[in-house]
Every structure is written in C-alpha cells, then in structure tokens.
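Novice: Given next are the chains, with one letter for each unit.
Number of protein chains: 2
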Amino acid sequence: MAFYIQKYGGTSVGSTERIKNVARRVAKFHSQGHQIIVVVSAMSGETNRLISLANEVQANPDPRELDVMISTGEQVSIALLSMALMELNIKAKSYTGAQVSILTDSAHTKARILNIDEDKIRKDLQDGYVLVVAGFQGADKTGSITTLGRGGSDTTGVALAAALKADECQIYTDVDGIYTTDPRIVPEARRLKTVTFEEMLEMASLGSKILQLRAVEFAGKYKVKLRVLSSFEDEGEGTLITYEENKDMEQPVISGIAFNRDEAKITVSGVPDHPGIAYQILGPVADANVDVDMIIQNVGHDGLTDFSFTVHRRDFSGTMEILKNKIQPHVGARDVIGGDRIAKVSVVGVGMRSHAGIASKMFRVLAEEGINIQMIATSEIKVSVVVDEKYMELAVRVLHKAFDLEQVVQN
Amino acid sequence: MAFYIQKYGGTSVGSTERIKNVARRVAKFHSQGHQIIVVVSAMSGETNRLISLANEVQANPDPRELDVMISTGEQVSIALLSMALMELNIKAKSYTGAQVSILTDSAHTKARILNIDEDKIRKDLQDGYVLVVAGFQGADKTGSITTLGRGGSDTTGVALAAALKADECQIYTDVDGIYTTDPRIVPEARRLKTVTFEEMLEMASLGSKILQLRAVEFAGKYKVKLRVLSSFEDEGEGTLITYEENKDMEQPVISGIAFNRDEAKITVSGVPDHPGIAYQILGPVADANVDVDMIIQNVGHDGLTDFSFTVHRRDFSGTMEILKNKIQPHVGARDVIGGDRIAKVSVVGVGMRSHAGIASKMFRVLAEEGINIQMIATSEIKVSVVVDEKYMELAVRVLHKAFDLEQVVQN
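Heads up: the sequence lines are chains A and B, in that order.
Using numbering that gives the first Met the number 0, the letters of the first sequence map in sequence onto residues 0 to 410.
Using numbering that gives the first Met the number 0, the letters of the second sequence map in sequence onto residues 0 to 410.
In short, the hints are calculated from the structure, not lab data.
One or more hints might be untrue.
[To be verified] Listed next, the in silico DSS-like pairs over lysine-lysine satisfying Cα-Cα at most 30 Å (straight line): (1) B:119 to A:140; (2) B:140 to A:122; (3) B:119 to A:119; (4) B:360 to B:389; (5) A:109 to B:119; (6) A:109 to B:109; (7) A:109 to A:27; (8) B:19 to A:119; (9) A:19 to B:192; (10) A:90 to B:109; (11) B:90 to A:140; (12) B:222 to B:109; (13) A:90 to A:19; (14) A:109 to B:122; (15) B:140 to A:90; (16) B:164 to B:140; (17) A:164 to B:140; (18) A:140 to B:192; (19) A:19 to A:164; (20) A:140 to B:122; (21) B:19 to A:109; (22) A:109 to A:140; (23) A:192 to A:19; (24) A:27 to A:90; (25) A:220 to A:164; (26) A:140 to B:140; (27) B:109 to A:122; (28) B:140 to A:119; (29) B:192 to B:323.
[Unchecked claim] Sample of chain A residues lacking proximity to chain B, with all beta carbon distances greater than 12 Å (derived): (30) 53; (31) 359; (32) 364; (33) 370.
[As the list claims (entries may be wrong)] A few chain A residues that don't get close to chain B, going by computed Cβ distances all over 12 Å: (34) 16; (35) 98; (36) 302.
The C-beta atom is built at its ideal place from N, Cα and C for all residues, glycine as well.
Just chain A, with the same shape it has in the complex (with noise of 0.2 Å):
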C-alpha cells in the first residue's frame, strides 16, 4: 500500500466526461489500496472565462479580489470529482485551498505556501476518504485567499506531497512524460524513464513547459519523488524526476534538447568597461518587470565592451525603447541594436560533467549544417545557443541525433 498525491492538470478535467475519466483512474489506485490525495486544477478555459470577466470590470483587477474570483474555478472542480468518485461508490470529500489549511504569504496572484495543516488530512485518509484538493489556491494569515500563480496546481501536489511525506507526486498531463525534445520536430524523440531533477529544471525553465518550476524546485528542496503521466493514456510509466545521478550504470551524455523561440536578443555596444555597468544597464529593465535570460558580456578592448541579454519576445520592443533613451545616454554606449526572430536551443544533460567536449561536438554538428551561432552561454549541465528563428527546427534534429538520443538506453 502506497500513499499517493495525484495531481490533474485542466485539461484532465476540461469536462465533466473527462473528471469522470480521472475518476475511473483513482478509483483503480484505490481498490489497490493506495492511499490518495488528488490535487485538481480549474476546468481548461475557466480561469480565461473569469479573468475576462474582471477585466470587464478593472482594466487591472485587484489582486485580491482577482483571487477571490478565480479561486472557484478549483473550487467547482474538487465538487465535481468528488461527486463522481462518490458515483463509483468511494468516500470522497473536497476541501478548497482554505478548507484544508494552506497558509500562504499575502502576494496575490503569486503567494508562496509557508505551511500546511496535516491533522484535518490525516484524519480523513484514516476515515478512507479519498481527499479532492483545490489546486492552486490557499489561504494567508487573516484568512483572505490567495492564488500560487499559473501553474500553481503542480505546487500544490509538490508541497502536500513534502507535508504528508507521501510515496510519490503524481503528475497527470496530456503528455505520457518527457521527451528527449519535442516530439513534433523530431518524430524520434524518445521518452524519457527518469530525468534528474537538475536536467527537469534546465527543461522547465527552457520552455519544456510540463512541469512549473517552481514546483520542481519545491519537490527538489524536500526530495518529493515526482513523476510526470498521461491522464489519456491507462498504462505507462510516464517519467520519474529523480534527485540523484545513478552511480551504478552509466549515465547517458546527454538527456534531452530544449529549445525556445519566444526570445528576443539585445546588444548594448561600446559600452565602457568599467565596474557597475552592467547594473546600469539591467537595473532600468529589471525596475520595468522585464524578465532577462542569459546575460553575455565578453571581455572588453580599448576600455569597452558590448553587453548582450535575451528577453520574452513581447518585451522586446519596450526593452529596446528603454535602452535607447534611457540608458544609451545615461552610460555612453555606442548603440543598442538588437532583433526579435531569433531561438535559443540547448543541449541539457548531468553526464555532461563528467564529459568533456560537449560544447565543441555542438558547435561543429551547427557547422556542418552551415547555422551560425549568435551567442552561447553555459552551465554546469546545459549548452545553450542563440540562432537565427528558421533554423531553430533543423538544429533540434540534427543536434537530436548527434548526441545518440534516438538509441537512449535509459537506467
């Protein structure tokens, strides 16, 4: 008997046929014996319906009550499914965010979990009770809700999962697990049977988009064994995130290949090269709430330099504006030019550390298909490159197949 949190995204509930799919499925782990907690999102589309709804009403809705707002959409859903498991005969009970006592931080729209109530739970799995959890949602000290942000459903699965010290975090998706790279691009794409949480986290944040992030940092904090399933499909293994590199087997070079072309580059040229530059030039753009991603500043000749970023694709023309008459000036640079038709794509992998020419291999496999590489930066488990836009898909695949990932042969 294992205790399980299984997490269903809105997609898995988008109706009210498919909430009855999900409890079909639980009722199976269930009559198992497992003990189980299911965390539940919004029906797809609800929390778009009610977000439009406020906007009608506050160009920019106030956090709190924006919460208080789409909070139910989790709220029908938990009703729902615990109606249907009741259809099937299961004691099934729904507690919102609130109900069940998850405390958060007050920052609306994006609160952080600081606890979680475990008695109100522990009682009611003993009862036999299946618990439907609203996800995405709690409640901060003087009891106005909050909501954890896009997403947040994941984290919520994650933190009752640490809380409860459950078996496994189950992640139910559209997807049966993670990919070498998008299948789309490269039908040979192979899933993959675990991934470490390091590699899931350079995936997240590369535009893998299965998992949020934040969620898997949170699982990584308190070693949550989270694992990543298709809510459509009955059998599979989908993939386990695990938290340390297998020492027994060899581990392949190289998991998987990341890519993102919602990107846009910017070069600060001629800059002088002198401490505190590059705070004078992200420190304006961090104040306008633009989120930057590699930063690439080279070493500098003649008392200059030219400072590079990458940010979203729709931040890019109000970046640029920033720049040129704010800090173009205030610092002296030559120029700022920069251009929104470009992709990052990344090559992720633990094994990395341990083998040395990754970086190289990479770069001559582009080479060889004639694709010039714009900027590069690097970590410990990960080589990223910039290209030009329409090369992103033939760098996918070539890079796909260099690196052996059709043949993985996963531990």
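Since the structure of chain A is provided, determine the placement of chain B on it from the hints.
Specialist: What follows is chain B alone, placed relative to chain A:
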C-alpha cells in the same frame, strides 16, 4: 449618517454592466456618508448552470459537494462588485460567507444561520470600507461550506442587519416595491409605501415572490427594518415593511389582493368522522414530502365527513395516487376526487381585524360576477378562496376595485 445593508439579487448583478450600475448606486449612498454592507447573489443563471454541471456527474448531487460548487456563484459576484467599487475610488473588500463567519447548521443546501461574528466587519467599517458579502452561504462548525436555499441571499442580508443592528435592510429587486396586486393583471395596482410584517408574510406565502418568506420571518423576529426597492430606478422609496400597526392614522382595511395558480385541490369524501382521521390522511402525504397549503374539514353528519386540502400543482398526481392506493382503502373513504385547474385568491390586510364584513363583501363581489367559490379558508388578516382557474384574473380585478385599492392613501 445611517448604516444600511443593501442586498442585490441575481438580475441586478446579471452582467458586468449591471454590476457597475450597482457600484454607482452604492457609491452614491457612500458619498452621503452612510456605512454600507452590500450582500449579493450569483449572477442570474449562474446557479442553474452550476447545478446542471453537477447533474451531469451525479443524478442526485451530494449536498456537501453541491454547496461547494454553487457557493462559487456568489464568490464571483462579490469580487466583481468590489472591483467595480474600487474603480470608483471606493475602498471595498469582499467576504465569502465562511470568511465573514456566518456560522450555520450542517443542513447542506438549506442551512440555517446560527451566528455571525461581527468583530471583523466592525473593524472594516470603521476603517471606511464598503463590505461586499456573499449572500446565500455560510459555513458549519467543521468549516464545510453551506448554502441557505433559494432566495437565501435575502436571509443573509436580514441576518447581517440583525446582528449588526443596521438602520435598514434594503432589498433591491427588479420591482420597485410591493403592490396592492400584480400590475400585469390590474394595471391600476398601486405601490404600497408601507406594509406590515404580517401582511408581507401572507403576501409572500401567497405567491408574491418578491421576498423570501424565511427572510421576512427572520426580519420580524429581530425587528429589522426591511425595504424593497428597484435596482433599476434611481428614485423611489420602495415599500417599507413595518412591525407595528400605525396607531396614529386610519389603517386601510385591505392592503392587497394576492393570488396563486400553482395549486391543486384534493377532497377525500365520506371518511369516518373520528379523532385522528386528519393525521391518517395527511401523515402519508407529509411522508412523501408533499407540502399541504389550505386544509378544510367541515362539520360531519351521519358519522362521516369530507376532508379537503390543496397541494402544489406538480404534486397533484403523486398525491392522488397515494390517497387512492394507500389511504382510501385504509381509512375506508367513499371517494377521492380532485382537480388541478384551480386558483387561490386572497384578500389581505391587518385592517380586517377591526373591520367586520370583509369576508362577506368578498363573497358578494365574487357572486355578482358569477364566480363559484370552491373552498374558503380564513386567518386573522386574510380571507382566501379557491375558484376555477379561468376566473382568477377576473376575481383579482373585481376585488381590487371593490376594496378601493386603486385609491388607497398610504400612511
């Protein structure tokens, strides 16, 4: 400066545009220096939408889970109205029933309010907030969400007014007050400036449907000043429900003509006239959850009597079946007959306490029009008759005229 509870129903908050209108009305009162708590229902249609969703999953939805679902309707309304008030630069804050500590019993879908914790509310009012509270809902002592039944938002408004000793509980609806009768039947019907609590009870139970009966009873018990107003008109004082007869002025004899065409009559004839017979007949009917309205038993003769009562029209055939199959053979009645093409017409007024002859005048007026009276029931402040359905409108019109309701001068 006064302290008002204002309740807006589902039609009044049926769209974001209407919610903005409600906000402007609340703002007007607020700008005059009044303290305001607003109680809102779900946007019209929303509760039914949620119930339909639940029915797709469970034919008889679990009451606890149904309450979790349908309570989201008001939760959306309170957030939207709070946002709309903030757009008008008014400090506003929303509370669900559970958050504002409306403690109820655990009778899901028809819970009763036990207590309201006023500390939080007082503090917010002192801080200058307009509070927007979800109608229709509360929480039981375990923290489970409860709802108060259809029309429960009125009850929430009255309960808040009673607990906080508000100066007035204003019920905004799609009509501008209580009329002497339905203006669709009698165009000359007049709005009453005041109506007594007892008259209102009779009007509500007779089908006037403007205020929920339970809310009126609640208001009577705590002597809450209750006013019915239109949420679509800017002027107008609506109708005030009073708890004492005005001794200073001549009370009009009759306040209004109520009617109800949703009834059916049933007669069990030739039953032995002995103690307990009423219970033997009505016990099984009550066990089948059929509500009985008028009950009439006349003096018997030859040891036999006839027993008649009315039920809601939708319960007619089921009740006839119970009577024919179970009760008639059991009590040895001669026959069970009934009809569902009837209507009830009532003359209501506290003035009839001190004025004789109301009933006889009513019977004379109906006789002059050739309307046969099938059943009669009287209370201290009303006389009700059952007539053929086809005469209902005629009966209402001639009685309205005969009792001078077109020219009524109100105190």
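Novice: So, against the hints stated earlier in the document, which numbers end up violated here?
Specialist: The structure conflicts with hints 6, 7, 8, 9, 18, 29, 30, 34, 35, although it agrees with all the remaining ones.
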